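Undergrad: Listed below, chain by chain, are the residues.
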Amino acid sequence: MIDAALLSWLPRPPEGFRVRCTATDTTAPRGAALRALAGYALGANQLHRLARSVAQAVEDGAAAPLQGFTLGLVSNATTDFIVPALVASALRYGIALRVAAAPFGMTLQAALDAASEPLASRPDAILLALDYRAYFPEYALEDDASARLDAALARLGDLVTAFSRGSGAAILVQTIAAPPERLFGSFDRDQSGTAAWLAASFNQRLSNEILRPGVSFLDVEALASQVGLAAWFDRSQHMAARLPFAHRFVPLYAEHAARLIGAIRGRGRKVLVLDLDNTLWGGVIGDDGIEGIRLGQGDPRGEAHLDLQRAALALKRRGILLAIASKNDEAVARRAIREHPEMLLREDDFSAMQINWSDKASNLEALAERLSLGIDSFVFLDDNPAERAQVRLSLPEVLVPELPSDPADYAAVLLAAGGFEAVAFSDEDRQRADQYAANSRRESLATHARDLAGFLESLQMHAIFTADGVLGWSRFTQLINKSNQFNLTTRRYTEARIADLVAAPDVLTLQVRLVDRFGDNGMICSVIACPRDDAWMLDTWVMSCRVLGRRVEEAVLNEIIRRARAAGVARLIGLYRPTPRNALVRNHYRTLGFVLDGEEDDAERWVLDVATYRSSVGPIVSEISPAA
Amino acid sequence: MGTDEVIRRLQTVFHEVFDDDAITLQDTTTAADIDGWDSVANIRLMVSIEEAFHLRFDVGEFQDYRNVGDLVTAIARRAG
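Chains as they are written, first to last, in my numbering: chain A, 1 to 628; chain B, 629 to 708.
Next up, chain A with everything else stripped away, as it sits in the complex (with noise of 0.2 Å):
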């Protein structure tokens, strides 16, 4: 079992912490030193030490490249404790935060007054932290359960309303964990009206009459359950100082609400990178051979990587790609793969491998490349504690779980390390590996080829659009969160934000769908046009890196301007806003025969005249959805 009170994915902090935090109190900018003293499995007085350093570092101005986010706050019980925990844990997610904490015990009323801090502070969330205790008495046995039930609904339901309507932020609800005290005893769950019966109808009812776009659920009701009622509750402590849990969980709970801001954002990962010796079988297969590894039912420690293979395969099935990255003689390994009776995971539920002698990083970044994706957005699953070293070493923002010696909670490490964290669950990220596997063979396609324009027009590509669609948010806000390389402006938003956007009548939003040969590529970009005086301005232009190279972006652009001429546009205005991740749009607009007209917060202005704009004729055929 693993402690996860411990965070112990996480490697132990090292000696002479708080020495390091104040050494790093005076460079600039420090935003890298501090997510990496982030890393480590923190307790409490650690993150407190460490929020201090946040706070200065953003007072210096010497946060970059982390992210601002503000966190609005409110809660039935003491929020002391968790604030600067939840400041510290952010940074595992590359964002520094800063908190808005409502006076104790004023929930509604800050619900209500723009002026109060959680409100005031033009949050990007708000965090309800409400716990049994908020809605239910202790030692509950109600009379009138069922109108208790639905007052408790109603007034989480009028607060999530009034917070969204007076904020746009995202809003984050909890779920409740039951004190575990009975008064029957097995029987309380069967009898309305108790502690037990009334927790679990609230949290069932949460999802249909509270949950909606722009909402998203903290599961406090699994942390309790993941760590233990009787030890989540601690009398004493709430007695004391009303702490709403036993302190010992702070870092625990300031970890998974840092983990859900951090989906929000779009830091959630990707790729998932497997070691294959030890990690996906027992044994060394160069050594032990395809009889020799242990792998399978019958052998208990065989069951151990045959249950990782099982976690990891699940993954897949939820959109994270699965990649290989092995010191090992490639055929053999190969072969083993393809051959081993009791191999779950085979050679196709891989989008790359890297199966070598060279050094664990140099391969991340060979698959990264191969991926087209971010080095952030990968995990690194490996047993040998000296690869995890070198690769938190070289390449920090790969996200490397400390394994326990014990090859039974590999895959339980894995998902408690949180770094597939998300907030929604679409159909594209359903087929996002099956994707990655087309894209394959399209590549092999394309060595094929006898040349580009050949090939791409042997794709057969049709461009689907749809102007201020209703349906497709969620996936259209994913893909301008989740973008970070073919991404304009890396502006980000909430659902609820885009909602508003997409309601608007003068702004167009364009979700860009591609069909071609080999399947649907789902949802692959996403533009927001906003008016100013005469002309669109390009707020957003977000595009999969799946689809680069594929003349993607002149089919957009003519449908931008058929619509342009439409309403009467004169000139569009594109930014391009350079990231340390975005330099492969730096000639975007330029490309596309924008002129550079000067520049605006850090970003470059480019104009486009809409009535001598001529369209290009590309290989993509473009469709209008719904029919025109």
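Just so you know, these hints were derived from the structure itself, not from any lab.
Where hints are given, some of them may not hold.
Label pairs and their in silico Cβ distance ranges [unchecked claim]:
| no. | chain 1 | residue 1 | chain 2 | residue 2 | range |
| --- | --- | --- | --- | --- | --- |
| 1 | B | Ser667 | A | Ala151 | 30 to 40 Å |
| 2 | B | Ser667 | A | Asp359 | 49 to 59 Å |
| 3 | A | Ala231 | B | Val668 | 16 to 26 Å |
| 4 | B | Ser667 | A | Ala366 | 49 to 59 Å |
| 5 | A | Ala408 | B | Val668 | 33 to 43 Å |
| 6 | B | Ser667 | A | Arg165 | 27 to 37 Å |
| 7 | B | Asp648 | A | Ile2 | 27 to 37 Å |
| 8 | A | Arg205 | B | Ala660 | 49 to 59 Å |
| 9 | A | Ser192 | B | Ala660 | 50 to 60 Å |
| 10 | B | Val668 | A | Pro626 | 51 to 61 Å |
| 11 | B | Val668 | A | Arg182 | 24 to 34 Å |
If you only want the chain B side, here are some residues facing chain A, beta carbon under 7 Å, derived [to be verified]:
| no. | residue |
| --- | --- |
| 12 | Glu644 |
| 13 | Val645 |
| 14 | Asp647 |
| 15 | Ile651 |
| 16 | Val668 |
| 17 | Leu683 |
| 18 | Val687 |
Computed from a predicted structure; not experimentally measured.
Glycine is no exception: its CB is placed at the ideal position from the N, C-alpha and C atoms.
Once you have looked at the hints, place chain B on chain A.
TA: Using the frame of chain A, we list chain B on its own:
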């Protein structure tokens, strides 16, 4: 555990909780003598002491101690 050993280990806990390695504990030290020892830090201190000495204070007990001397006596008694 002797009181000298308790004070030595307690001092390390104070250094961590208040992020100040210069803190030197006396029997007469109170919250007023240490920067940042407010009611919130007091809980962090209590929990950190419980963890460091593998003990558990009764509800309200910790808040009742008047100074470090009281605390050391209680810990020495508990930690055996």
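Undergrad: Please write out, lowest number first, the hints stated earlier that are contradicted by the structure.
TA: 15, 17
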